[in-house]
Each structure stands twice: as C-alpha cells, then as structure tokens.
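Chemist: Chain by chain, the residues:
There are 2 protein chains.
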Amino acid sequence: MVAEIRMQEESTRTKYLAERIKEANTTAIERILSVEPTLVDVDTALNVIPDMTPNTILHAGPPIDWEGMCDPMRRALRGALIFEGLADSDQKAGELLRANQIKLSPNHHHDAVGPMTGVISPSMPVIVTRDSTYGKTAYSTFNEGGGKALWFGAFGKETLQRLNWLKDVFGSVMKRVIAKTGGISIWNILAQGIQMGDECHNRHSASTNLFLKGIVEPLLSIDLSREVVMQAYKFIAGNSHFFLNITMTASKLAMDAAHHVRDSTVLTAMSRNGTEFGIRVSGLGDSWFVAPAPYLHDALYSPGYGPGEGAPDIGDSSIIETMGLGGFAIAAAPAMASFAGGGFEEAVNITKQMGLITLFENPTFRIPALDFKGTPTGVDIRRFLETGILPSINSAVVHKSSGAGQIGAGIAKAPYECFIEALKAFGKKYSLAA
Amino acid sequence: MVAEIRMQEESTRTKYLAERIKEANTTAIERILSVEPTLVDVDTALNVIPDMTPNTILHAGPPIDWEGMCDPMRRALRGALIFEGLADSDQKAGELLRANQIKLSPNHHHDAVGPMTGVISPSMPVIVTRDSTYGKTAYSTFNEGGGKALWFGAFGKETLQRLNWLKDVFGSVMKRVIAKTGGISIWNILAQGIQMGDECHNRHSASTNLFLKGIVEPLLSIDLSREVVMQAYKFIAGNSHFFLNITMTASKLAMDAAHHVRDSTVLTAMSRNGTEFGIRVSGLGDSWFVAPAPYLHDALYSPGYGPGEGAPDIGDSSIIETMGLGGFAIAAAPAMASFAGGGFEEAVNITKQMGLITLFENPTFRIPALDFKGTPTGVDIRRFLETGILPSINSAVVHKSSGAGQIGAGIAKAPYECFIEALKAFGKKYSLAA
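Top line first, the protein sequences correspond to chains A and B. Here the first sequence is numbered in the numbering used here, starting from 1 and rising by one per residue. Here the second sequence is numbered in the numbering used here, starting from 1 and rising by one per residue.
By construction, these hints were calculated from the structure, which means they are not laboratory data. It should be emphasised that the depicted structure is a prediction, and the values quoted were computed from it without experimental measurement. One or more hints might be untrue.
[Unchecked claim] Below are the BS3-like pairs computed for lysine-lysine, each with C-alpha atoms no more than 27 Å apart in a straight line:
1) LYS167(B) x LYS136(B)
2) LYS148(A) x LYS167(A)
3) LYS167(B) x LYS213(A)
4) LYS213(B) x LYS175(B)
5) LYS180(A) x LYS167(A)
6) LYS175(A) x LYS234(B)
7) LYS352(A) x LYS175(B)
8) LYS373(B) x LYS373(A)
9) LYS213(B) x LYS175(A)
10) LYS136(B) x LYS373(A)
11) LYS15(B) x LYS413(B)
12) LYS213(A) x LYS234(B)
13) LYS400(A) x LYS157(A)
14) LYS234(B) x LYS234(A)
15) LYS213(B) x LYS180(B)
16) LYS413(B) x LYS352(B)
17) LYS234(B) x LYS167(B)
18) LYS136(B) x LYS180(A)
19) LYS213(B) x LYS180(A)
20) LYS234(A) x LYS213(B)
21) LYS148(B) x LYS167(B)
22) LYS175(B) x LYS234(A)
23) LYS352(A) x LYS352(B)
24) LYS213(A) x LYS148(B)
25) LYS148(A) x LYS213(B)
26) LYS175(B) x LYS213(A)
27) LYS167(B) x LYS180(B)
When you get a sec, could you build the whole thing from the sequences and use the hints?
Modeler: Next comes the structure, spelled out in structure tokens:
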C-alpha cells in the first residue's frame, strides 16, 4: 500500500517534470529563434573580452591544463606567446606554459569562440557580434585562412607575419568598414548561404562571397590607400572560410540565449579542446559533461596523410551544429557529401537523423533539396536515449604531432558518454527516479 | 518482288542514315564539349558586330518585320532609336520603323544574343566572348537590371539615362577591367554557380557574385576615380541577373560550334521574338522552323498582374536551355522550384525529363542534388517523336501592351510544331521515306 502510493507519487512527479521540461524547452526554442546576431564592431581582445588580461590566453573546448593538452593546442599557445612578445622563442614559451606562468582559460567562459585550437591572445583583433534581442555579445578572431595558421596549431615566420598584419592593419580597417555598414545581420547572410550550397561550417563559400559583396562599398568609401583596400579585399576573397568565425559568434549568442533555462534539456554547447569533448545543457548551469575527444571517421586526407596521423577532434566550431547548422544542415551542401562517405542521399540521411534528436525546424534556414524544410535545431539530450543517435559534426583533422596543421576533413560524432553524464546530472538535479 | 527490293533498299538506306546521324551527333556533342568561352573584351556594337550599321537594330528571335512584332518589341525598338538619336520622339521613332527606314535583323544572324526583346543598337557597348577552341566570337549587351529597362520593352527618362551611362562610363570601365583580368572563363563561373543554387538562366545570384569577386581587384588596380569604381561596382552588385547575358554568349558559342554538322539532329538554337518561336537544327543549315510563340504556364506574377496580361514568350535567352542549362538544370536551383508549380521533386522531374530528350550529361556542370550528375545537354529533335517531351524553358513574362516591363516569371514549353517542321525538313533533305 505504502509502496503503491510512493509509485503514484513518483509517477505524478515524473509526469509533472515532463510537462515542466516541455515548457522549458519551448522557452529555450523561443529564445534561440528570437536572437538577432549582428556583426557590429572589431576591437582588440584585451579591450573587450570579459576577464581578458595581458597574461591570459584563451583556447577552444572545455577547461584543460597545459599537461592535458594535445600537441596542436600546445603549439598554438606557444605561437601566441611569441606573437604577444611574452616569449622570444618556442622553447621559452614552452617553459612559461609548463611553469603555469600564463593563465589559460576556455573561450566559452569569456563569451568567445574559436575554431580548431581556437586560441585568442590579448592583442588579437576580434569580431564583436551583438544580439539586439538580449543585448549579449560574442567574440572571435578573424579566420586566418588555410595552410600554416595558428588555428591549426602551426606557426612560423609566415604565421606571425600574418597575425601582425591582422593586428596592425586588417583589424582597424575592418573596424571602420563594419562601422560604415551600420552592422551586418549574420542570419541574413547564412539564410542565403544555405540556399547556395553552404552548410555553414565546413563550407562557407557563398556566405563569404555575400559578406564580401556587402563590404566592398564601405571599404571603398573610407579613406584608405588603394594598396590597403586591395590587401584587405584579397585577404577575405582568398579564404572561403572567412565567414566561419562570424557564424560561430552568432551561434554562440543563440545557444547562450537558450542557456540557463530551468528544467530545459536543450543542448547549449558542444566543444572540444583536442583532448576532451564537452557539452553543456540549458537546465544544468555551467557544468561541462566531458568524455575523451573522438577521432574523425570517414575523413578525407590531404595527399601524403592518412588515418592515425590526426589529433582527436578539436575546436569550438561545433557550436554551429549545436545551433542546427554544419553537420545538421549537410543536406544543404551536397558538395560536402563526400565527407559523409557517400553521395547526396547519405547527406540527406544525416540531416534527417539530426531531425530525430532535435526539437524544431528553424524557419530562418531552409534546405532547398528537402523542399525548403528548416534546419533541425535544438538537440534534446533525452532523444539520444530514445534513438541512440548522436550529433554529427563537420570538422577538420589537424596533425597530431608534426605541426603540419590541417591534414584532412571529415565527420565527428559527439561521444555518447557526455550525454549519459548529462542525463544522470539532470536526473540528480531534478530528483528524478532513475 | 520489285516492291520487296524497294523496301529492302529503303531499310538499308534508313539504317545507313541512322548510323550517319549517330556519328554526326557524336561530332556535334564533341564540339559542344570542347568550346572554351572566355569573356575577353567590351566594345561598341558598331565596331565589332558583323554587318552592324548605324541604321541597323538587332532584336531577339527569328526574323520578323515591324508589322508582325509584339508591343514590347516595338517599344524596345522605339526606345533604341531615341537612344541612338535616330528619332527625337516616340512618335517619330514609330514613323521611321513603320516606313521601313531602319534595318531590323535578328541577333542570331550577327553572332549575337539578347534576353527578352534583346535589342542591340549600334552605339551600345557589348560583351565580347571568344571561344579559344574554334576562334568564334559572340556578343551581347550588358544586362540593364530589373524595373524600367529596354530589354523588357520599357523606356523613359530613367532607362535612357542608364543606357547613356552604360555607353559613356560603364562600357569603357569594363573594357579596361576585362583586359586587366586577361579574360574570364565563363564555364568556370557557371560550373561553380551550378553548385551554388543557380540554374544559370532565371537564377544567376551565385554566378554574379563569383564574377564580382573576380573583378574587384582589376577594378581597383586601374586608374579610375573612386566614384566611378563605386558606381560600376554598385551597378553589378545590385543586379543578380548581371551574368545572364554573359552566359548567353557562352551558350551561343557552344551551340554555334555544333551547328552545320551534316546529318546531325542536334538542336542548335531556340529563340523567340514575342510573336514566333523558332528553332535551328545542326544538320539543317540556317533555316528557322517557327511556330507561334507560346504563353508561359505556371507563371508567378507581380502583385496586381495575372495571366492574360503577359505577351507571348520572348528572347534569345533560351539558347541557355539549348545548351542544357536553365530549365534543363532546374534541379540545381530548387529556389526556382516554385516556377515549376511545385517543390523540389517537380524540379528534379523536369531535369529528368530533359534527360530523356538529350544526348549526354555535361560533365562540366554537375547537379549536387542529383548526386552530381551532369546537366542534360544536346537535344536530339527525334526524341520528341519518341517521348512527346518538349524543351522546358525558364523565362520571364513581360506585359503585352502597357509598357510596364516584367510582370512575372515562369516556365515556357517549346511549341511542338517547330519540331514537326524540322523533322519533316530533315526527312526531305536526307530523302527519308515517311
């Protein structure tokens, strides 16, 4: 009799919670949909990023100390110290880092995001994106482009020269250009990009072209030498990933808007530091639920490289998938289908699978080849238990040890352990009977 | 016995011809595939277009006299006479035209093409596209953009001002820009455009952006005032159809390369003057096989307009479909699917149907949503008899009488009578029984 009453109470409580979760998730979705991210400014990281100090370097992924970091991340940090003048050699930089003389902190704890190693150091110019709905701001570096670049953990003379040019020339040019535009709506560009074959993570060709198209007039209307105008233009035009970091700031704002909704099971961040993969959940505060970072499967490698040479998955860029773009929208970018180890149908299947673990279709981003269905958005972590399906992330492979930078691209699956841990924590926090 | 022998002879001859046709069509296809159209120059129509005289105006479609012309075509011609200073009023222009004081001739007879009314007058600056394989050249005007424009048969102060600016400023700027680029490969841009949601007739958004991206550096590197640079840039950036006329010149070169192949049943031109729809066939010389121009079906109209107000189908732009793009490639541009009176599946169906009347899939233009199959190219006029399927053309609707210009867009079907006439002529020329 007592047991029966207890079971009834339990069942009532569970039912009550299910309703509360539903309501909370509806709120989270509404918040994602109402965010209006606008690229409004460019400034120096030290000036604008919260809790940035001359001695702080930010990195991708959940928190991690020097000892735990993978080789590409360590390289990027050493490169950043040299760039900042905090060390005058690779060796000196390594010593400072090993001796904990530098404060290391995750981008996500500073309203920031960065692709791959994601390193942001105090003097770097950063993109400033504001959400006019909730008034929050997010930051990222400018994308450096391919080849020997710090975001891939590569550095050398060429990389440092480029970083210095970004700091001394490009940043201030873009600050004036963005001011002249009055702000650039990021959803507007991405909505068109999705119509033009971008999935908005590994493919940003159309979005970058649309961005370029929008800034030429402001660029020409400010008082700059033709040489500088040309340099700035060529830098953007020469990098089809230029818009990636901008997309990341917008996705960060949308997911942060959905974060901290009591009772919500909506996934609000996925991020990797190259050692661990971490997720955050709206109703579970600022905890990270981590597991070892996975290796990419079905990756395509640059000539001369192959499986076994890549570091585990790395970067904050999976905030894009958390927002329902990238891997979730791969059916919009059949040119990326080869990463799916198949053709167009395989890409469509992935997007459809993501539809099984998400709560809504985003009407802002419509996939042409799926009869203009919206992108599957808002992962409900409970759906993993029901379906066994994990988020699919379009990613790049960076060499695990040689400093060669990017050696491939492919698809990563979020590790299931993160979801199990988050679900356990949810049960505990909301006193669910397991 | 005599009858039997005759039948055998007949059968042998038919078989022999079928083989000759097959061979001829293979040649035609090879010629289409080997054309390399490059935008190489801009010049004044009078300077470069064969048989252009100060008193000649070219128009879209097969040959037609003033009396037979539709209202939008007549308007465009009157506008052109005023632009040329050949008449000082609309009325005076009409008088000259009625009195046959102006030589009217089809673009196609002068290595030229023009969309909609397609009017080219002697002072207009024209795009010069050269095929490096066969050394031929094709010409078209610059696309004027939407609204009150001569290509839609609208003219007035604004239109004439724009035409004068194109002649006095834009033409010479672009001449220098194109020279600086060393020539722009048109297939290269269209191949990317097809990957980015363009079908390369009614949708040229991506192709225009790619063209823009390619000309900014040359534009900035020549000695021009910033104001002129800005005007030129804005003119292109403000018109997502800018690349249309360029695509038409390339398609014209490809189809002309396949023209005049003895025994070939490959369609080498489809064109409309707003009164008649005409086709040309490779093995049938320069004859046009004509039928009344069709009205568009499943068209979408601008607010305030509807069916019954449009003129019949008009323009040389269907050279794009003859080349296997536009309506034939509509599965690549699901954003155009609404013109198909349906969704994505309907667009895929149209492209698949076009596959049933064409001879090959063009490896240069691969449709992402069809697992990167090439665009269906090279209509064999015999296939119409076997399948009953007619070429599908993505087109625009222009007002039949008010001078309002474009009032809608939709799909036109080539009239079957043209194909019947061409097949009869083929039979006659090659002494086929039947």
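Chemist: Would you check the hint for LYS234(A) and LYS213(B), treating anything up to 27 Å between C-alpha atoms as holding?
Modeler: With Cα atoms ~10 Å apart, LYS234(A) and LYS213(B) stay inside 27 Å; holds.
Chemist: Keeping to a limit of 27 Å between CA atoms, is the pair of LYS213(B) and LYS175(B) held or broken?
Modeler: Holds - the C-alpha atoms of LYS175(B) and LYS213(B) are around 17 Å apart, at most 27 Å.
Chemist: Given the hinted pair LYS213(B) and LYS180(B), is their alpha-carbon gap at most 27 Å?
Modeler: holds (14 Å)
Chemist: Run the distance test for LYS213(B) versus LYS180(A): straight-line Cα separation, threshold 27 Å.
Modeler: holds (20 Å)
Chemist: Holds or violated: LYS148(B) and LYS167(B), Cα atoms, limit 27 Å.
Modeler: holds (17 Å)
Chemist: Below or equal to 27 Å on CA atoms is what counts here, so check LYS136(B) against LYS373(A).
Modeler: Roughly 45 Å separates the two Cα atoms, so the pair is violated.
Chemist: Does the alpha-carbon distance linking LYS373(B) and LYS373(A) stay inside the 27 Å limit?
Modeler: holds (23 Å)
Chemist: Under the criterion that the straight-line Cα-Cα distance not exceed 27 Å, is the pair LYS352(A), LYS352(B) satisfied?
Modeler: Holds, at about 24 Å.
Chemist: Please work out if LYS234(B) and LYS167(B) have their alpha carbons no farther apart than 27 Å.
Modeler: Holds, at roughly 16 Å.
Chemist: Holds or violated: LYS352(A) with LYS175(B), Cα cutoff 27 Å?
Modeler: Given pair LYS352(A), LYS175(B) is violated - Cα atoms ~49 Å apart, limit 27 Å.
Chemist: Would the pair LYS167(B) and LYS180(B) pass a check requiring their Cα atoms to be no farther apart than 27 Å?
Modeler: Satisfied, since the Cα-Cα distance of roughly 20 Å is no more than 27 Å.
Chemist: Measure nothing beyond the straight line between the CA atoms of LYS213(B) and LYS175(A); if it is 27 Å or shorter, mark the hint as holding.
Modeler: holds (21 Å)
Comparing the model with each earlier hint shows violations of hints 7, 10, 11, 18; every other hint is respected.
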